[in-house]
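Enquirer: Full structure from sequences and hints, please.
Number of protein chains: 2
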Amino acid sequence: MVKSQTLDRTFSALSDPRRRDILERLQLGPASISELARPTGISLPGVMKHIRILEEANLVTTEKKGRTRECRLGPEQMDDVTAWIQRYRDQWERRLDRLGALIDKRKGEAT
Amino acid sequence: MVKSQTLDRTFSALSDPRRRDILERLQLGPASISELARPTGISLPGVMKHIRILEEANLVTTEKKGRTRECRLGPEQMDDVTAWIQRYRDQWERRLDRLGALIDKRKGEAT
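So the protein lines, in turn, are chains A and B.
Just so you know, we're using our numbering here: the first sequence kicks off at 893 and counts up by one.
Just so you know, we're using our numbering here: the second sequence kicks off at 893 and counts up by one.
Errors might be hidden in some of the hints.
Since copy identity is lost for identical chains, a pair holds within one copy or between any two.
Subject to a maximum C-alpha distance of 20 Å in a straight line, what follows is the list of computed EDC-like cross-link-like pairs (lysine to aspartate or glutamate) [said to hold, decoys possible]: (1) K941 <-> D900; (2) K941 <-> E916; (3) K957 <-> E947; (4) K895 <-> D913; (5) K956 <-> D982; (6) K895 <-> E916; (7) K956 <-> E927; (8) K957 <-> E985; (9) K956 <-> D989; (10) K997 <-> E985; (11) K956 <-> D996; (12) K999 <-> D913; (13) K941 <-> D982; (14) K895 <-> D972; (15) K941 <-> D989.
To be clear, the hints were calculated from the coordinates, so they are not data collected in a lab.
Expert: Given below as structure tokens:
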């Protein structure tokens, strides 16, 4: 169940393009809330809301430094999400293989 | 922008455990709405709502067959989502490598 909630939170956090922009910015290094607001064009309260959601998903960690709050990538490396998607894609490929085999068989019967 | 919307829709569709359950059931083969409702314990209107969201994300397609609606996996193979996550994970590894190199350097200076 914990694993399912991790998936929920990660997928949900990644479903907003502004949150993905923030994560891409943080891949370059730590940034304050206002440094994140500037290039993305999101308001300060908006960035703070998104950062909270990303923090809950462990995708971001923040630390108070004097008058600013420094944000950096969190510990979540998306192993669970990657594993889930990979299982899905494997099934997809197996399904295509079966379909291919079926088509070959039909072709063989037709000739 | 289209690509971003695809990511939004896919991530959002995957953020609900019942929708992931439905996708896992459909990996075994096509199923009607009521066949999906039974094992998952979701109400019929609930399943229909989730199916609509999965359809919008191209993860499911449906077809009216007599009095039932048959659901099967859709054409979305999650290439964009996989590529996005892979880029993120690559950056993560590069960050760890840099950190490792920094630690080695400090160690070297300390001895």
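Enquirer: If a hint holds in the structure, say so; if it does not, say that too.
Expert: Against the structure, the hints come out as follows:
no. : hint          : verdict
1   : K941 <-> D900 : both (18 Å within a copy, 18 Å between copies)
2   : K941 <-> E916 : within (17 Å within a copy, 32 Å between copies)
3   : K957 <-> E947 : within (17 Å within a copy, 46 Å between copies)
4   : K895 <-> D913 : between (25 Å within a copy, 14 Å between copies)
5   : K956 <-> D982 : neither (43 Å within a copy, 28 Å between copies)
6   : K895 <-> E916 : between (25 Å within a copy, 16 Å between copies)
7   : K956 <-> E927 : within (14 Å within a copy, 52 Å between copies)
8   : K957 <-> E985 : neither (49 Å within a copy, 26 Å between copies)
9   : K956 <-> D989 : neither (53 Å within a copy, 26 Å between copies)
10  : K997 <-> E985 : within (18 Å within a copy, 45 Å between copies)
11  : K956 <-> D996 : neither (63 Å within a copy, 28 Å between copies)
12  : K999 <-> D913 : neither (49 Å within a copy, 35 Å between copies)
13  : K941 <-> D982 : neither (36 Å within a copy, 27 Å between copies)
14  : K895 <-> D972 : within (8 Å within a copy, 23 Å between copies)
15  : K941 <-> D989 : neither (45 Å within a copy, 31 Å between copies)
The structure is inconsistent with the numbered hints 5, 8, 9, 11, 12, 13, 15, although it conforms to all the rest.
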